[in-house]
Amino acid sequence: MKKKITFLLNSETRSIEVESGDILLDVLRDKLGIKTPKIGCDMGDCGSCTVMLDGKTVKSCLVLALEVEGQEVTTLEGLMKDGMTPLQQTFHDFNSFQCGFCTPGMVLSATELINKNPKPNRKEIQEALSGNLCRCTGYIPIIEAVEDLIGKGKGEGKEKG
Amino acid sequence: MTNYKYIGKSAARVDGIAKISGAARFVDDLDFGPNLLFAAIVESSVAHAIIEKIDASEAEKMVGVVKVVTGKDFPYRFGLYMHDRYILAQDRVRFVGEQVAAVIARDPKTAKKAAKLVDVKYKELSPILNIEEALKEKSVLIHPELKDYTHVPWFFPKANTNVAHLRKVRKGDTNKAFQEADFVFEDTYTVPRYAHCAIEVHGAIGLFDHSGRLTVWTASQSPHTQRHLFAEALAPLGLSHKDVRVITPYVGGGFGGKAGVSMEILGAALATAVKGNPVKILWSRAQEFYNTYQRQGLTAKIKLSCKKDGTITAIQNNLFWDAGAYVEYGANVVNAAGLSATGPYRIPNIEINSYCIYTNLPPGGPYRGFGYSEFLFGLESQINEAAKKIKMDPVEFRKKNAIRSGDKLSYGASMNQSGLAEAIEKAAEAIEWGKDEKSNDPQKAIGKGFSLFWKAPAMPPNASSTAFLKFNEDASLNILVSGMEIGQGYQTVMAQIAAEVLTVPPEKIRIENPDTDRNPYEWQTVASHVTWGCGNAVKRAAEDAREQIFDLIERALDKDRDSLFLKDEMVMSKKEPGFKLPLKNFVIAGIGKDDGTFRGGPIVGRGMFMPEFASALSDPETSQGGKPNVHYTVGASAIKIEIDKETGKIKIPKVVLAVDVGKALNPDLIKGQVTGGLLQGIATVLYEDMRFDEKGKLLNPNFADYKIPTAMDIPDEIVSILVEVPQPDGPFGARGVGEHTMIPAAPIIANAVEDALGIRIKSMPITAEKIVLELKKQGLFEQTKEEYIDNK
Ligand code: FES
Ligand code: FES
Numbered sequence: 001m002k003k004k005i006t007f008l009l010n011s012e013t014r015s016i017e018v019e020s021g022d023i024l025l026d027v028l029r030d031k032l033g034i035k036t037p038k039i040g041c042d043m044g045d046c047g048s049c050t051v052m053l054d055g056k057t058v059k060s061c062l063v064l065a066l067e068v069e070g071q072e073v074t075t076l077e078g079l080m081k082d083g084m085t086p087l088q089q090t091f092h093d094f095n096s097f098q099c100g101f102c103t104p105g106m107v108l109s110a111t112e113l114i115n116k117n118p119k120p121n122r123k124e125i126q127e128a129l130s131g132n133l134c135r136c137t138g139y140i141p142i143i144e145a146v147e148d149l150i151g152k153g154k155g156e157g158k159e160k161g
Numbered sequence: 001m002t003n004y005k006y007i008g009k010s011a012a013r014v015d016g017i018a019k020i021s022g023a024a025r026f027v028d029d030l031d032f033g034p035n036l037l038f039a040a041i042v043e044s045s046v047a048h049a050i051i052e053k054i055d056a057s058e059a060e061k062m063v064g065v066v067k068v069v070t071g072k073d074f075p076y077r078f079g080l081y082m083h084d085r086y087i088l089a090q091d092r093v094r095f096v097g098e099q100v101a102a103v104i105a106r107d108p109k110t111a112k113k114a115a116k117l118v119d120v121k122y123k124e125l126s127p128i129l130n131i132e133e134a135l136k137e138k139s140v141l142i143h144p145e146l147k148d149y150t151h152v153p154w155f156f157p158k159a160n161t162n163v164a165h166l167r168k169v170r171k172g173d174t175n176k177a178f179q180e181a182d183f184v185f186e187d188t189y190t191v192p193r194y195a196h197c198a199i200e201v202h203g204a205i206g207l208f209d210h211s212g213r214l215t216v217w218t219a220s221q222s223p224h225t226q227r228h229l230f231a232e233a234l235a236p237l238g239l240s241h242k243d244v245r246v247i248t249p250y251v252g253g254g255f256g257g258k259a260g261v262s263m264e265i266l267g268a269a270l271a272t273a274v275k276g277n278p279v280k281i282l283w284s285r286a287q288e289f290y291n292t293y294q295r296q297g298l299t300a301k302i303k304l305s306c307k308k309d310g311t312i313t314a315i316q317n318n319l320f321w322d323a324g325a326y327v328e329y330g331a332n333v334v335n336a337a338g339l340s341a342t343g344p345y346r347i348p349n350i351e352i353n354s355y356c357i358y359t360n361l362p363p364g365g366p367y368r369g370f371g372y373s374e375f376l377f378g379l380e381s382q383i384n385e386a387a388k389k390i391k392m393d394p395v396e397f398r399k400k401n402a403i404r405s406g407d408k409l410s411y412g413a414s415m416n417q418s419g420l421a422e423a424i425e426k427a428a429e430a431i432e433w434g435k436d437e438k439s440n441d442p443q444k445a446i447g448k449g450f451s452l453f454w455k456a457p458a459m460p461p462n463a464s465s466t467a468f469l470k471f472n473e474d475a476s477l478n479i480l481v482s483g484m485e486i487g488q489g490y491q492t493v494m495a496q497i498a499a500e501v502l503t504v505p506p507e508k509i510r511i512e513n514p515d516t517d518r519n520p521y522e523w524q525t526v527a528s529h530v531t532w533g534c535g536n537a538v539k540r541a542a543e544d545a546r547e548q549i550f551d552l553i554e555r556a557l558d559k560d561r562d563s564l565f566l567k568d569e570m571v572m573s574k575k576e577p578g579f580k581l582p583l584k585n586f587v588i589a590g591i592g593k594d595d596g597t598f599r600g601g602p603i604v605g606r607g608m609f610m611p612e613f614a615s616a617l618s619d620p621e622t623s624q625g626g627k628p629n630v631h632y633t634v635g636a637s638a639i640k641i642e643i644d645k646e647t648g649k650i651k652i653p654k655v656v657l658a659v660d661v662g663k664a665l666n667p668d669l670i671k672g673q674v675t676g677g678l679l680q681g682i683a684t685v686l687y688e689d690m691r692f693d694e695k696g697k698l699l700n701p702n703f704a705d706y707k708i709p710t711a712m713d714i715p716d717e718i719v720s721i722l723v724e725v726p727q728p729d730g731p732f733g734a735r736g737v738g739e740h741t742m743i744p745a746a747p748i749i750a751n752a753v754e755d756a757l758g759i760r761i762k763s764m765p766i767t768a769e770k771i772v773l774e775l776k777k778q779g780l781f782e783q784t785k786e787e788y789i790d791n792k
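As given, the protein sequences belong to chains H and D, one line each in that order. By the numbering used here, the letter at position 138 of the first sequence is numbered 138, and the numbering carries on one by one without gaps. By the numbering used here, the letter at position 673 of the second sequence is numbered 673, and the numbering carries on one by one without gaps.
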């Protein structure tokens, strides 16, 4: 059964028809052309499909499109509205990515963390990122980037030329 | 030391902004319009059977189903090193999950539903699920036609058996050495299968248009090899290489899993069945586990002898590989491991047998480390045991026997120059080897482990790389190569190499992902060889462009050619300090003369590299005579662990990896390889493990049951030490390092567990449960418990 939903997508009101069983991840990628949430497992285990729902990260492969009615969905595309955020810049400086497939989800989870808790300790950073799998980096450069951003880092990885 | 401007610097990644901003497109992100079709696979439910009948009539009736194809539509064998695979199963299935038929439909849901309606009747054969069964005299043959298969000349299949290849290495006289030795140590070590678990799954989109052109978009480490294999497999349809085009956008992790051709052949073949329509096939996470490649299982029986003074005199290493249902790629893992199964040691008497054994488990294949991680677990465990038994310090023992430059390798060629001794020294120092450490908590035991490692790229002797380099009007560059940026930072390093030669900064260089129509040939991005092989090609392309520039300046401006040099994007002359001609003035436009004519024109550099000294031909009985490996990258690794004696849980306060990279072209990127590779390796030791049921079905094809590390599971400290003894034929002296960082993980941990608790675990993974069981078996568990209670 088709149903019309209206929601904010990266600060723009969008209305779209969806089937009752449609998954948010598929609707974003296939119907709305939003490609930064990635399909890594389709089962809620990897976090590569992470998006923000009213400022809270969710795994969009586990969310029905119908559920976002009236809410605000933010993806990396939305975060980038005014260019790269300081967090993204720090990720860049610290090589906090290799293949880049987990990166959109990782950036959103890290963003949520520092929005909620501006001075997390290492353990809190690790916990906040533990729902996002990365097979390439060994996580350390990601954790160190967050630490640097909040002023707890060793100041490595800056100013590459 | 040469003063480089860009080489050896941690230049920012050229793919950084694309990936951090989300602009990077992966294969599943590409759009193909409303005409795109989707395929779903009918998979074998049994491990070994004859297919009696396939009935697709119900599926074909479904609205939205376009076509159902089966093995009959593609009766072709294909493969990388041995043609033993089929696009879709023919008369037999050989593992649970094998592709039997494909349903092509208008949308993925319909395709999946219809695939369930295809009825396949099987006559089951007894499945062979382990090497013991496979090697029995009267074992069922998994590939009865093995003797007819096409394969590379360095494979030796055993007809009418399940042994697809046997690599034998013989040197000296092991029997005599064992008889004469002061000590002989013998043991068996086992390693299970593992999954790559790149976060991006495999996917392919094929389009066979009405002009006869086949384009396939894939997530791949090997665009040109894929083109070649697609063209070869589908040649009966009248395709030639020029008609086949493979386009590979960014790849979301490879680790060997996206090398060669696995499921991508379906994208190519199915496209030919629905001419004019693009058709997409995307693996699920479960399929990713059971129908791509898996790391092969290994049982290693090792015998090692030494003198009282610690000199190793002989090794016998029998490697039995559970290679799975198809070995077109995996047999070369077996081959490479066999040639190098002495590890980085000088051993005068050698007997190695490396058996590639068919089983009814999913196909084995390349996985970061290419067999070396697997054999190193047993070998370096055994080395440690030997040292301990003769009461010698394990690091001293290794130093004494470590291979040196110029030593003869097991197959007779000479060892390349290396900084192994320096790596051992530095790793030992960083872990404070010899310093006895005790935990303040009586329930915890601290142990340290050490291991050497080595690996050579395993590639055909004629594996080559090519590069085109194009100048633009502003003297920025586009470089066309076909290596893959799989996360390792390849594109950045290629930019740095060209930058160094041409003095154009890396930010002014763009390196795009390959399209085989436009980008020149590259064998594959595997074997940790692209920095070396493709790096040489890019360097030559840049030098070619530079020579063209000097030729032109000499010809058009009458300058002394030998005095010319490049600096800061300008041509200058040693003879004429005032002469400074910016590259941008002429690299496209040419140089204007007084009469209004021009000289020169667009500068395009071309570079190629093939290791012309390599040869895979040798005596099949001994492996003597060839030069199958271009060089080895070597190193040493050490770890400190803390084990909870009650739970068996291991914590890692510190791990060290010292590796001789020849020349660190971009130290930060190598550090990234060390961190990521070590964690990937550590996970294979501590918890990753594939489990199959008694019928050969994989029980844990998902991240909930096959755990890979999260941000919570990292060691407290990782130290990477880069040793630089140059590789004479490497670009600026560099050699590869991507795989090596995960290879020593198993033995360092196994040796540290032994150091901490006195128990030797001989099967991977070394789980907490296994440690507790072993402690119990030896009566050590109760003892530690009492100690614990006493101390409380
Ligand atoms: S795709 Fe959603 S968690 Fe993996
Ligand atoms: S960068 Fe590859 S998965 Fe994280």
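What the hints contain is simulated information worked out from the structure, not anything from laboratory work. Possibly wrong hints are sitting among the right ones.
Think about it this way: if two alpha-carbon atoms lie no more than 27 Å apart in a straight line, the pair counts; the simulated DSSO-like pairs of lysine-lysine are [unchecked claim]:
1. D/Lys9 with H/Lys31
2. D/Lys627 with D/Lys408
3. D/Lys584 with D/Lys567
4. D/Lys61 with D/Lys242
5. H/Lys81 with D/Lys508
6. D/Lys438 with H/Lys123
7. H/Lys2 with D/Lys697
8. D/Lys649 with H/Lys123
9. D/Lys389 with D/Lys776
10. D/Lys113 with H/Lys123
11. D/Lys61 with H/Lys2
12. D/Lys116 with H/Lys2
13. H/Lys3 with D/Lys770
14. D/Lys113 with D/Lys53
15. H/Lys152 with D/Lys109
16. H/Lys31 with D/Lys770
17. D/Lys388 with D/Lys308
18. D/Lys109 with D/Lys697
19. D/Lys242 with D/Lys275
20. D/Lys707 with H/Lys56
21. D/Lys121 with H/Lys123
22. D/Lys508 with H/Lys31
23. H/Lys2 with D/Lys109
24. D/Lys123 with D/Lys72
25. D/Lys112 with H/Lys123
26. D/Lys649 with D/Lys770
27. D/Lys651 with H/Lys119
28. H/Lys3 with D/Lys113
29. D/Lys649 with H/Lys2
30. D/Lys651 with D/Lys388
31. D/Lys444 with D/Lys408
32. D/Lys762 with D/Lys776
33. D/Lys388 with D/Lys123
34. D/Lys654 with H/Lys119
35. D/Lys303 with D/Lys777
36. H/Lys4 with D/Lys113
37. H/Lys31 with D/Lys112
38. D/Lys444 with H/Lys123
Right, here's what the structure says about each hint:
Straight-line distance between C-alpha atoms of D/Lys9 and H/Lys31 comes to about 44 Å, which puts the hinted pair past the 27 Å bound. A hinted pair counts as satisfied when its Cα atoms are at most 27 Å apart, and D/Lys627 with D/Lys408 qualifies at roughly 12 Å. With a C-alpha separation of about 13 Å, the suggested pair D/Lys584 and D/Lys567 falls inside the 27 Å cut-off, and the hint holds. With a C-alpha separation of about 37 Å, the suggested pairing of D/Lys61 with D/Lys242 is violated against the 27 Å cut-off.
Only pairs whose Cα atoms come within 27 Å are accepted, and H/Lys81 paired with D/Lys508 is accepted, the gap being roughly 26 Å. Our distance criterion of 27 Å between C-alpha atoms is met by D/Lys438 and H/Lys123, whose separation comes to about 25 Å. Restraint check for H/Lys2 and D/Lys697: not satisfied, since their Cα atoms lie roughly 39 Å apart, outside the 27 Å limit. For the hint linking D/Lys649 to H/Lys123, the alpha-carbon distance of about 19 Å falls within 27 Å, and the restraint holds.
For the given pair, D/Lys389 sits about 23 Å from D/Lys776 by alpha-carbon distance, which is consistent with the 27 Å threshold. As the CA atoms of D/Lys113 and H/Lys123 are separated by approximately 45 Å, the hinted pair breaks the 27 Å bound. For the given pair, D/Lys61 sits about 25 Å from H/Lys2 by alpha-carbon distance, which is consistent with the 27 Å threshold. With a CA separation close to 25 Å, the supplied pair D/Lys116 and H/Lys2 stays within the 27 Å bound.
For the hint linking H/Lys3 to D/Lys770, the alpha-carbon distance of about 54 Å lies beyond 27 Å, and the restraint is violated. For the suggested pair D/Lys113 and D/Lys53, the alpha carbons sit about 20 Å apart, so the restraint of at most 27 Å is met. Under the criterion of a C-alpha separation no larger than 27 Å, the hint pairing H/Lys152 with D/Lys109 is inconsistent with the structure, at around 48 Å. The suggested pairing of H/Lys31 with D/Lys770 is violated, with an alpha-carbon distance near 49 Å, which exceeds 27 Å.
For a cut-off of 27 Å, the pair hint linking D/Lys388 to D/Lys308 stands: about 12 Å separates their Cα positions. Under the criterion of a C-alpha separation no larger than 27 Å, the hint pairing D/Lys109 with D/Lys697 is consistent with the structure, at around 25 Å. A hinted pair counts as satisfied when its Cα atoms are at most 27 Å apart, and D/Lys242 with D/Lys275 qualifies at roughly 18 Å. A C-alpha spacing of about 25 Å is found between D/Lys707 and H/Lys56, which places the hinted pair at or below 27 Å, so the restraint holds.
Taking the CA atoms of D/Lys121 and H/Lys123, the gap is about 54 Å. The hint is violated against a cut of 27 Å. For the given pair, D/Lys508 sits about 36 Å from H/Lys31 by alpha-carbon distance, which is inconsistent with the 27 Å threshold. At roughly 16 Å between alpha-carbon atoms, H/Lys2 and D/Lys109 fall within 27 Å of each other, so this suggested pair holds. At most 27 Å may separate the alpha-carbon atoms for a hinted pair to count; D/Lys123 and D/Lys72 meet this at roughly 18 Å.
For the hint linking D/Lys112 to H/Lys123, the alpha-carbon distance of about 42 Å lies beyond 27 Å, and the restraint is violated. Among the hinted pairs, D/Lys649 with D/Lys770 is consistent with the structure: their alpha-carbon atoms are about 10 Å apart, no more than 27 Å. Straight-line distance between C-alpha atoms of D/Lys651 and H/Lys119 comes to about 26 Å, which keeps the hinted pair within the 27 Å bound. The suggested pairing of H/Lys3 with D/Lys113 holds, with an alpha-carbon distance near 23 Å, which does not exceed 27 Å.
Our distance criterion of 27 Å between C-alpha atoms is broken by D/Lys649 and H/Lys2, whose separation comes to about 52 Å. Among the hinted pairs, D/Lys651 with D/Lys388 is consistent with the structure: their alpha-carbon atoms are about 24 Å apart, no more than 27 Å. Simply put, D/Lys444 and D/Lys408 have alpha-carbon atoms about 44 Å apart, too far for the 27 Å limit, and the pair is violated. With a C-alpha separation of about 16 Å, the suggested pair D/Lys762 and D/Lys776 falls inside the 27 Å cut-off, and the hint holds.
Restraint check for D/Lys388 and D/Lys123: the C-alpha separation of about 54 Å exceeds 27 Å, so the hint is violated. Among the hinted pairs, D/Lys654 with H/Lys119 is consistent with the structure: their alpha-carbon atoms are about 26 Å apart, no more than 27 Å. Between the alpha carbons of D/Lys303 and D/Lys777 the distance comes to roughly 25 Å, so the proposed pair stays at or under 27 Å and holds. The suggested pairing of H/Lys4 with D/Lys113 holds, with an alpha-carbon distance near 26 Å, which does not exceed 27 Å.
In summary, the hint linking H/Lys31 to D/Lys112 is supported, as the alpha carbons are separated by about 20 Å, within the 27 Å threshold. Of the pairs offered as hints, the one joining D/Lys444 and H/Lys123 holds, with about 22 Å between alpha carbons and a cut-off of 27 Å not exceeded.
Checked against the numbered hints above, the structure breaks hints 1, 4, 7, 10, 13, 15, 16, 21, 22, 25, 29, 31 and 33 and satisfies the rest.
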